[in-house]
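Take these sequences, add in the hints, and give me the full structure.
Letter by letter, the chains look like this.
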Amino acid sequence: MSLSDDENDSMSLNSQLPAHLFGDLLDSIIIDVASECHRAARLGLDRNLELEEEEMRLSAEARAMVVDATNNGEVNGKYIVDIFGQTHPSIANDIFECMNCGQSIMAGRFAPHLEKCMGKGRKARLKARRSSRLAQNRSARGSSVSVHSQYSSTSQLSNNTPVRIMKKMNDFGERFSAEISKPIHLVNPLVP
Amino acid sequence: MSGTLNRPPTTEAEDVHEDPDLTLQRIINAKLVESGEKELLKELLRERLIECGWSDEMKKHCLSFARKNGSNNVTLEDLINAITPKGRASVPDSVKEELLQRIRSFLA
Chain B
1 MSLSDDENDS MSLNSQLPAH LFGDLLDSII IDVASECHRA ARLGLDRNLE
51 LEEEEMRLSA EARAMVVDAT NNGEVNGKYI VDIFGQTHPS IANDIFECMN
101 CGQSIMAGRF APHLEKCMGK GRKARLKARR SSRLAQNRSA RGSSVSVHSQ
151 YSSTSQLSNN TPVRIMKKMN DFGERFSAEI SKPIHLVNPL VP
Chain Y
1 MSGTLNRPPT TEAEDVHEDP DLTLQRIINA KLVESGEKEL LKELLRERLI
51 ECGWSDEMKK HCLSFARKNG SNNVTLEDLI NAITPKGRAS VPDSVKEELL
101 QRIRSFLA
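As you go down the protein sequences, you meet chains B and Y in turn. Taking the UniProt record's numbering, the leading residue of the first sequence gets 1, the next gets one more, and so forth. Taking the UniProt record's numbering, the leading residue of the second sequence gets 1, the next gets one more, and so forth.
The hints are simulated quantities; they were obtained by calculation from the structure and are not laboratory data. Note that CB positions come from ideal geometry on N, CA and C, so glycine has one too. Hints are all accurate, no fakes.
Covered stretches of chain Y (in silico footprint by chain B; criterion: 3 or more residues with CB under 8 Å from a CB of chain B, positions within the stretch not fixed):
no., stretch
1, 21-30
2, 94-104
FRET-style restraints, in silico, Cβ to Cβ:
no., chain 1, residue 1, chain 2, residue 2, range
3, Y, Arg104, B, Asp68, 53 to 59 Å
4, B, Glu61, Y, Ile50, 25 to 31 Å
5, Y, Glu47, B, Asn48, 24 to 30 Å
6, B, Val67, Y, Gly53, 24 to 30 Å
Here it is, written out as structure tokens:
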């Protein structure tokens with residue numbers, strides 16, 4: 001489609017027309033926006049929007065305030081402030097009884113205590129391994145009672161189940177070794 | 001082309017005094033609508049205006065105007081009249097240029 005037919009008019013039209021058309025488009029978009037807001041205003045939705053904005057602003061402010069306070073709090077000591085403004089010590093200090101060994105433990109120290117208590121930590125695992133190895137050696141060689149009692153007294157794992165089992169094995173091993181170390185009396189039934 | 005055109009019936013008087021420019025404008029407008037280009041342009045413009053925050057500005061303006069004049073009984077016309085001058089003025093130049101460019105390329 002060409003506008004070159006109308007000479008004079010086309011020049012002015014060409015420059016005006018796009019702007020005019022753009023104005024048309026803009027007008028219709030403005031009408032759309034206005035009708036949307038008109039509906040919101042009539043239905044009272046704009047009040048809700050306003051309240052929401054206020055709340056968001058206030059909460060953002062509060063959070064900013066607390067963040068500043070928190071930075072200071074963390075530097076000051078072990079008491080830190082969370083977003084609700086509550087303080088709590090960084091290490092939980094409720095005290096209760098360990099269900100395994102019966103000691104009274106602080107909540108914040110419970111996990112490491114359990115590790116040692118139940119034999120999952122490095123030291124406890126090594127000890128368990130050592131005790132089992134020793135028990136095997138003892139049952140094979142038939143060692144005396146004194147070594148066994150010395151070992152059990154140095155053990156820190158008082159109620160530990162693996163050690164109890166080891167003890168039983170030690171007992172058995174002792175009795176067995178005692179038995180086989182006795183001289184064998186062969187009874188000959190045919191001798192009168 | 002006039003066969004495909006559905007123009008609203010005009011009175012005799014209007015026809016006689018009608019500006020040839022206006023007729024041409026109408027023709028072009030109709031062409032735009034027919035080809036669907038007008039819709040595309042409108043959507044493009046709407047998108048650009050939302051992106052640059054113009055829509056939000058207009059909405060804020062509308063709501064503050066409504067609240068000032070009693071938000072329950074504000075009329076649509078009032079609103080439109082209130083924000084049109086500001087709206088036309090606050091369109092960013094880049095958006096306007098882009099749209100004008102597209103219109104010109106369509107007319108060419």
